[in-house]
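Asker: Protein chains in written order, with the numbering used here: chain A, -1 to 239; chain B, 1341 to 1560; chain C, 216 to 432.
Rather than coming from a laboratory, the hints here were simulated on the basis of the structure. Here a beta-carbon is modelled for each residue, glycine too, at the ideal position from N, C-alpha and C. Misleading hints may appear alongside valid ones.
Taking CB as the label site, the calculated pair distances span [claimed, not checked]:
id, chain 1, residue 1, chain 2, residue 2, range
1, A, Glu183, B, Lys1554, 46 to 54 Å
2, A, Phe9, C, Leu295, 30 to 38 Å
3, B, Arg1391, C, Leu356, 34 to 42 Å
4, A, Lys178, B, Ala1490, 37 to 45 Å
5, A, Gly10, C, Leu295, 21 to 29 Å
6, C, Ser327, A, Ser8, 26 to 34 Å
7, B, Val1552, C, Ile348, 34 to 42 Å
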Amino acid sequence: MIEARDIYKSFGKVQALNGVTTTIQKAEVVVIIGPSGSGKSTFLRCLNHLEKIDRGSIIIDGIPLTDSKTDIHKVREEIGMVFQQFNLFPHLSVLRNITLAQIKVRKRSSEQAERIARDLLRKVGIPEKADNYPFQLSGGQQQRVAIARALAMQPRIMLFDEPTSALDPEMIGEVLEVMKNLAKEGMTMVVVSHEMGFAKEVADRVIFMDEGKIVEEGTPDRLFDHAREERTRTFLSRVLK
Amino acid sequence: MAYQFDFSIIIKYLPLFLKGVFLTVEISFLAILIGLPVGILAALARTSGFRILNLMGAVYVEVFRNTPLLIQIFIIFFGLPGIGIKLSPYISGLTALVLYVGAYNTEVIRAGLEAVPRGQIEAAESLGLTGVQTFLHIILPQTFRISLPALGNNWVALVKNSSLVSVIGMVELTWVTFDLNALTFRSFELFGAATIFYLILIFILINIQAFVEKRYLYKT
Amino acid sequence: MFDFDVIIKNLPYLLSGVKFTLALACLVIILGTFLGMILGLSKLSKNILIRYPANLIVEITRDTPIIMQMFFIFFGLPALGIRLATFPSAAIAMSLFAAGNTAEIVRGAIDSLPTGQFDAAKSLGMNYLQMMIYVIIPQALRRMIPPAMGLFTTLIKDTSLAAIIGAFELTRAGQEIIERTFHSLEIYLVVAAIYFIICYPLSYYTRKVEKQRVTGF
Chain A
-1 MIEARDIYKS
9 FGKVQALNGV
19 TTTIQKAEVV
29 VIIGPSGSGK
39 STFLRCLNHL
49 EKIDRGSIII
59 DGIPLTDSKT
69 DIHKVREEIG
79 MVFQQFNLFP
89 HLSVLRNITL
99 AQIKVRKRSS
109 EQAERIARDL
119 LRKVGIPEKA
129 DNYPFQLSGG
139 QQQRVAIARA
149 LAMQPRIMLF
159 DEPTSALDPE
169 MIGEVLEVMK
179 NLAKEGMTMV
189 VVSHEMGFAK
199 EVADRVIFMD
209 EGKIVEEGTP
219 DRLFDHAREE
229 RTRTFLSRVL
239 K
Chain B
1341 MAYQFDFSII
1351 IKYLPLFLKG
1361 VFLTVEISFL
1371 AILIGLPVGI
1381 LAALARTSGF
1391 RILNLMGAVY
1401 VEVFRNTPLL
1411 IQIFIIFFGL
1421 PGIGIKLSPY
1431 ISGLTALVLY
1441 VGAYNTEVIR
1451 AGLEAVPRGQ
1461 IEAAESLGLT
1471 GVQTFLHIIL
1481 PQTFRISLPA
1491 LGNNWVALVK
1501 NSSLVSVIGM
1511 VELTWVTFDL
1521 NALTFRSFEL
1531 FGAATIFYLI
1541 LIFILINIQA
1551 FVEKRYLYKT
Chain C
216 MFDFDVIIKN
226 LPYLLSGVKF
236 TLALACLVII
246 LGTFLGMILG
256 LSKLSKNILI
266 RYPANLIVEI
276 TRDTPIIMQM
286 FFIFFGLPAL
296 GIRLATFPSA
306 AIAMSLFAAG
316 NTAEIVRGAI
326 DSLPTGQFDA
336 AKSLGMNYLQ
346 MMIYVIIPQA
356 LRRMIPPAMG
366 LFTTLIKDTS
376 LAAIIGAFEL
386 TRAGQEIIER
396 TFHSLEIYLV
406 VAAIYFIICY
416 PLSYYTRKVE
426 KQRVTGF
């Protein structure tokens, strides 16, 4: 579904991605782990073209991302993204946050958009917060709204960029719960995260990145317990304490 | 009859223009220099516990920020002689600029003073520093660092405002331009050139400000 | 020594000048804000043909004294055959100054928004126009209000400069009275007081709005 081949990306003098190649299948749940600066977030942001790649190709469902003829906005409708800082629109109510793109981008009617929005709010567990504003919600609630906002577009792929890293510990669980359910329902997910428990439980494949390259990848069981590479083992030993 | 442009007069009178630029820089610099202690004093008055001082500081700031600089210049140069105080154009202009920039500095410095963390004062006290020592060595430098960007903006504005002292006959760039205009009537070339001189001057100042900010301000 | 009589007798004339002061200020604020918003958004354009000229205009109007711009328009433009009266000259010069500063306020407000807002809007498939209209500009407007109000206060004060090229407003009215009566101190103090009465409420209100911004966004 997602084919990334030989991705190179630099920010000035810093080479963030050094030749990344991987394929993500439909309904696959892939978790990317690695030290900070390894390029995992950069890679994720390349997948929906928030970052432009210098070299290589990304093909999503047969559509090449870097082709000038590609309408990037149409592609982004099919890819949902959840950010570490939630990025909810503070001047809009929770409901409006979720319906805005539906109406303006997917061109749905406001009744339909609202119905979908309320359904999703129920699904993520906070239907009563529809008319509140983001600043009135806790971090965990805001992130769940962010997930609902992305899901409202009914994307085929969901990208998560360290979704729980900015949350207080008590709220991580509620967000991971939503993500786990999403995985069980068969959503194609690419998740950058430090939550190893989540990876063990739900991931089909774990990718370990370091210094802009994929060092190793495999099923969670194999990677966590029998890592082949030295660097992988070092990282895991530090993180899995 | 079409206007005959003559840009050569700018070259001809370049020394005079440059003298005007120099005087503009000189008076702005003096005003900034003297305006700083004025701002610090007024800021201290406003943050002191005494209501009288606070009020006096507030009145100073509000009066000079809510009235036009031109009127302030007129009052000092044309009005004060009415009660017996006759000041030269230079002193009048300088005084007006000092009081004007001082008022704007006050608010900026006050914000800077209040932004210095309480913990700094407590740490200094626990080390045995006196109030004055704490202020001079701990608080003031940090206030300065915090306020520097906003102070820089005030100073750039001051250079622009210095053009107003020309109306009372104080010699600086605008006055020189006016004088040359009365002489040659080449308004387009002269005022155009003066505009460009100011532009270059301000542009240099803004870049100096950005440079200083980058190098000497730690990132908060 | 202080002659109150002169003040009372000439107050009506001064107030007639105030009308022009306020008219000039309002005109300049409206024109300048409108032009400034266009300039501000142009500064952010990816198209060089739009961005560079916009940057140039903003720099010239912001980095030169207003009085110079007034002189150039009033005294200098006739060389090109454009002869404007005092009031229009002052209005145009001040509008350009207002526009340049408004553009900077707009740019500053949009820059101060977290990049995450742009990211989120883009990731939802919004194009540039949709992103600006529904997500960015509504948030930026809120942040533009305090500096814009500061600019308005400055503009009201700067209308006094129009007197230098002879336009009739409060300051010029004061000057005319002084030419007749020679009571500089009293008249200028009253003129200052009138400006103060107009500007102080604005400053006060600006400060309140600034403090309010702590809540929300």
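Asker: The structure should be examined with respect to each hint, and the outcome stated for every one.
Answerer: Structure-based check of each hint:
no. : hint                             : in the structure
1   : A:Glu183 / B:Lys1554: 46 to 54 Å : 51 Å, holds
2   : A:Phe9 / C:Leu295: 30 to 38 Å    : 48 Å, violated
3   : B:Arg1391 / C:Leu356: 34 to 42 Å : 38 Å, holds
4   : A:Lys178 / B:Ala1490: 37 to 45 Å : 50 Å, violated
5   : A:Gly10 / C:Leu295: 21 to 29 Å   : 46 Å, violated
6   : C:Ser327 / A:Ser8: 26 to 34 Å    : 28 Å, holds
7   : B:Val1552 / C:Ile348: 34 to 42 Å : 39 Å, holds
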